[in-house]
Amino acid sequence: MELIFERSRKGKIGGTLPLKDVNEEVKVDPAYLRSRDAQLPCVSEPEVVRHFTRLSNMNFGVDSHFYPLGSCTMKYNPKFTEKIALLEEFTALHPLQPQLLKGAKLTQGALEIIYNLEAVLSEITGMAEYSTHPMAGAHGELTGVMMIAAYHRHKGNVRKHILIPDSGHGTNPASASIAGYEVKAIPSNADGVMDLEEFKKTLNEEVAAVMLTCPNTLGVFNPHIKDIADLTHEVGALMYYDGANLNAIMGKTRPGDLGFDVVHLNLHKTFATPHGGGGPGAGPVGVTKELAPFLPVSRVVKKDDGTFELDYDEPLSIGYIAPFYGNFGVLLKAYAYILLLGKEGLIEVSENAVLNANYLKVALSKYYDLPYDKNCLHEFVLSVSRQAEKGVRAVDMAKALIDKGIHPPTIYFPMIVKEAMMVEPTETESRETLDHFIDVMKYLAELAEKEPELFKDFPKTAPVGRVDEVKAAKDMDVACLNDDSL
Amino acid sequence: MIPGELKYTKEHEWVRMEENEVVIGITDHAQSQLGDITFVELPDAGKDVKQSDSLATVESVKAASDIYAPLSGKVTEVNTSLQDTPEMINQSPYGDGWVCRVDVGDKTELDGLMDAAAYEEFIKGTSS
Chain A
1 MELIFERSRK GKIGGTLPLK DVNEEVKVDP AYLRSRDAQL PCVSEPEVVR HFTRLSNMNF
61 GVDSHFYPLG SCTMKYNPKF TEKIALLEEF TALHPLQPQL LKGAKLTQGA LEIIYNLEAV
121 LSEITGMAEY STHPMAGAHG ELTGVMMIAA YHRHKGNVRK HILIPDSGHG TNPASASIAG
181 YEVKAIPSNA DGVMDLEEFK KTLNEEVAAV MLTCPNTLGV FNPHIKDIAD LTHEVGALMY
241 YDGANLNAIM GKTRPGDLGF DVVHLNLHKT FATPHGGGGP GAGPVGVTKE LAPFLPVSRV
301 VKKDDGTFEL DYDEPLSIGY IAPFYGNFGV LLKAYAYILL LGKEGLIEVS ENAVLNANYL
361 KVALSKYYDL PYDKNCLHEF VLSVSRQAEK GVRAVDMAKA LIDKGIHPPT IYFPMIVKEA
421 MMVEPTETES RETLDHFIDV MKYLAELAEK EPELFKDFPK TAPVGRVDEV KAAKDMDVAC
481 LNDDSL
Chain B
1 MIPGELKYTK EHEWVRMEEN EVVIGITDHA QSQLGDITFV ELPDAGKDVK QSDSLATVES
61 VKAASDIYAP LSGKVTEVNT SLQDTPEMIN QSPYGDGWVC RVDVGDKTEL DGLMDAAAYE
121 EFIKGTSS
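Heads up: the protein sequence lines correspond to chains A and B, in order. Numbering-wise (the working numbering), the first sequence opens with residue 1 and increments by one. Numbering-wise (the working numbering), the second sequence opens with residue 1 and increments by one.
Everything labelled a hint here was simulated from the structure, so no lab data went into it. These figures come from a predicted structure and were not determined experimentally. Treat the hints with care, since some could be wrong.
List of simulated lysine-lysine pairs, DSBU-like, C-alpha gap at most 35 Å [what the hints assert, rightly or not]: (1) A:LYS184 - B:LYS124; (2) A:LYS343 - B:LYS62; (3) B:LYS10 - A:LYS200; (4) A:LYS460 - B:LYS62; (5) A:LYS418 - B:LYS47; (6) B:LYS10 - A:LYS390; (7) A:LYS200 - B:LYS107; (8) B:LYS10 - A:LYS289; (9) B:LYS74 - A:LYS390; (10) B:LYS74 - A:LYS201; (11) B:LYS47 - A:LYS226; (12) A:LYS289 - B:LYS107; (13) B:LYS10 - A:LYS184; (14) B:LYS47 - A:LYS155; (15) B:LYS124 - A:LYS83; (16) B:LYS74 - A:LYS450; (17) B:LYS124 - A:LYS374; (18) A:LYS226 - B:LYS62; (19) B:LYS62 - A:LYS442; (20) B:LYS62 - A:LYS155; (21) B:LYS62 - A:LYS366; (22) B:LYS107 - A:LYS471; (23) A:LYS201 - A:LYS418; (24) A:LYS404 - B:LYS47; (25) B:LYS47 - A:LYS102; (26) B:LYS50 - A:LYS390; (27) A:LYS374 - B:LYS10; (28) A:LYS200 - B:LYS50; (29) A:LYS456 - B:LYS10; (30) B:LYS62 - A:LYS471; (31) B:LYS50 - A:LYS201; (32) A:LYS160 - B:LYS10.
So the derived list for chain B, only partly shown, Cβ under 8 Å to chain A, looks like this [as the list claims (entries may be wrong)]: (33) ASP36; (34) LYS62; (35) ALA63; (36) MET88; (37) SER92.
In silico negatives: residues of chain A with every beta carbon more than 10 Å from chain B [what the hints assert, rightly or not]: (38) GLY61; (39) ARG431; (40) ASP435.
Quick reminder that beta carbons are idealized off the backbone N, C-alpha and C, glycines included.
Isolated chain A (complex conformation):
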């Protein structure tokens, strides 16, 4: 498909500018003036409309297709939350409003929503307090690790390492090392969970924290979690919970009760707000009472008279980590989702997520290898090794699924499984959708057996065929932005 810049022809105009209403007498500092014209495509209005309509038709999302992308919890995002987030009472609020003198009075509703959301997230995860500021999961992780660092500094502890199992999300070591820690990877045992003996060998008083997701990326709940937490606390280190997999355990157990000190959540996973490209994310971070003084500012506080205001007077706070209060519209949607489902509803979410994953796991294990064959929670990891012997690798299977109208599961992760394919159906899929997926996966396994060579050409029906991934990674060319011919 053509880029809109490629449709550009000098002289074509697609809009009408309003009459100029600025005083031309005002002199603008030349430093702020463009040295050359803005690089805008010259296209007509219908061309613009058709271009973007075509693009929107090419979109592949949870509103159009089944999307079992492991570790990403691509559940359906109910539309009633959009309606609420579009209420003018919220959209017309200016983020600076509560910071004006007595401005908090004009934004009581919004402040109360942030305050209440922090309270329900604390209840769901067993933490003392939350900050809603982080804009995404990894941002929440970095915020969490920075609080861990601030805690150790405050205590006078000198800590160098963060321990992370080799099945962890890639963002864990990234956040830890950006925050200045050296990462030590702990191998998994035959059951697919962090090896307790290896962990004990590596744990010492130089360790700042242990970062875990539980259940882990294999969908396995670590049976030694309490021992790990106790051992970690014995050496004065902290437990960090990566909340990416919270969808498996809501109402069944709480990270706080398991001994975790810091938790980040992904509202765009567990609490049904849109993911990245479909809207900004949100990665609130929760802490125990001991760590609460280190939370970022501002904090929403409830005064004795029941009103809310922003508090910036937190001397131990790690400071600002985001403009304003997080992605407020997203927080609002998550809050609405939690209120609608209630306690019983959230428990059912996790039960159905786990049921759906196990249903698929049992059915698909007939056709694909299952290196860690245990009861899984919300997700499981297949291996395409059997098919790879015929030349059909996980990436080929993924491309074939695109042709079948299904978003491929996460592939090649976690790295402890060869030719990994990580499937997370979520609770929002019907039995019929799951059965359809099983049929397609069965068909592809049989096709891989009989005609493996066909897979090299998939996908055939997608707007873009097989992408040259090496070229895409090596020769990045951000379309035309520096092309003077346009």
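Model the placement of chain B on the given structure of chain A, informed by the hints.
Frame of chain A, contents of chain B only:
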């Protein structure tokens, strides 16, 4: 397939002794597991490394992985041609795809590495 004259690590690095220096790279098995390599982050020459420290990073279409120092010592030379042609590691993991040379301090560390036969057994054990 697995060169007999080299030593190997569990992290799939290979080491070739050349007088006081060693040449370091990643094995054919490692490159085939990584898939097409698109970027290599090399250490600076002169850097002191300890055994098991992260020495370099390779990025493939699948993942980014660390290359760990098989031995302690000082990096004397890096294969800068990998910056433009990282695919050399895929094409020639034991030859032109070498990563760096290290002046080794403690030669006894070599004894802890695997020989070709042991490495072959090791990869058999890990491929399920």
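Outcome of the hint check:
1. A:LYS184 - B:LYS124: holds, 25 Å
2. A:LYS343 - B:LYS62: violated, 39 Å
3. B:LYS10 - A:LYS200: holds, 21 Å
4. A:LYS460 - B:LYS62: With Cα atoms ~22 Å apart, LYS460 of chain A and LYS62 of chain B stay inside 35 Å; holds.
5. A:LYS418 - B:LYS47: Distance of about 34 Å is within 35 Å: holds.
6. B:LYS10 - A:LYS390: Within the cut-off at roughly 27 Å; holds.
7. A:LYS200 - B:LYS107: holds, 29 Å
8. B:LYS10 - A:LYS289: Violated, at about 42 Å.
9. B:LYS74 - A:LYS390: Cα-Cα ~44 Å, so violated.
10. B:LYS74 - A:LYS201: Distance ~28 Å between LYS74 of chain B and LYS201 of chain A Cα, so the pair holds.
11. B:LYS47 - A:LYS226: violated, 41 Å
12. A:LYS289 - B:LYS107: violated, 51 Å
13. B:LYS10 - A:LYS184: Holds: LYS10 of chain B and LYS184 of chain A sit about 16 Å apart, inside 35 Å.
14. B:LYS47 - A:LYS155: holds, 33 Å
15. B:LYS124 - A:LYS83: violated, 56 Å
16. B:LYS74 - A:LYS450: Answer violated: LYS74 of chain B to LYS450 of chain A is near 53 Å, above 35 Å.
17. B:LYS124 - A:LYS374: holds, 24 Å
18. A:LYS226 - B:LYS62: holds, 34 Å
19. B:LYS62 - A:LYS442: Within the cut-off at roughly 25 Å; holds.
20. B:LYS62 - A:LYS155: With a Cα-Cα distance of about 41 Å, the restraint between LYS62 of chain B and LYS155 of chain A is violated, given a limit of 35 Å.
21. B:LYS62 - A:LYS366: holds, 26 Å
22. B:LYS107 - A:LYS471: violated, 41 Å
23. A:LYS201 - A:LYS418: Measuring from Cα to Cα gives roughly 27 Å; hence the hint holds.
24. A:LYS404 - B:LYS47: Distance of about 51 Å is beyond 35 Å: violated.
25. B:LYS47 - A:LYS102: Cα-Cα ~57 Å, so violated.
26. B:LYS50 - A:LYS390: violated, 41 Å
27. A:LYS374 - B:LYS10: holds, 27 Å
28. A:LYS200 - B:LYS50: Holds: LYS200 of chain A and LYS50 of chain B sit about 22 Å apart, inside 35 Å.
29. A:LYS456 - B:LYS10: holds, 32 Å
30. B:LYS62 - A:LYS471: holds, 14 Å
31. B:LYS50 - A:LYS201: holds, 19 Å
32. A:LYS160 - B:LYS10: Distance of about 25 Å is within 35 Å: holds.
33. ASP36: holds, 4 Å
34. LYS62: Since the shortest Cβ distance to chain A is 4 Å, the answer is holds.
35. ALA63: holds, 6 Å
36. MET88: violated, 13 Å
37. SER92: Hint on SER92 of chain B: violated, closest Cβ of chain A at ~16 Å, above 8 Å.
38. GLY61: holds, 23 Å
39. ARG431: holds, 32 Å
40. ASP435: holds, 29 Å
Comparing the model with each numbered hint stated earlier shows that hints 2, 8, 9, 11, 12, 15, 16, 20, 22, 24, 25, 26, 36 and 37 do not hold.
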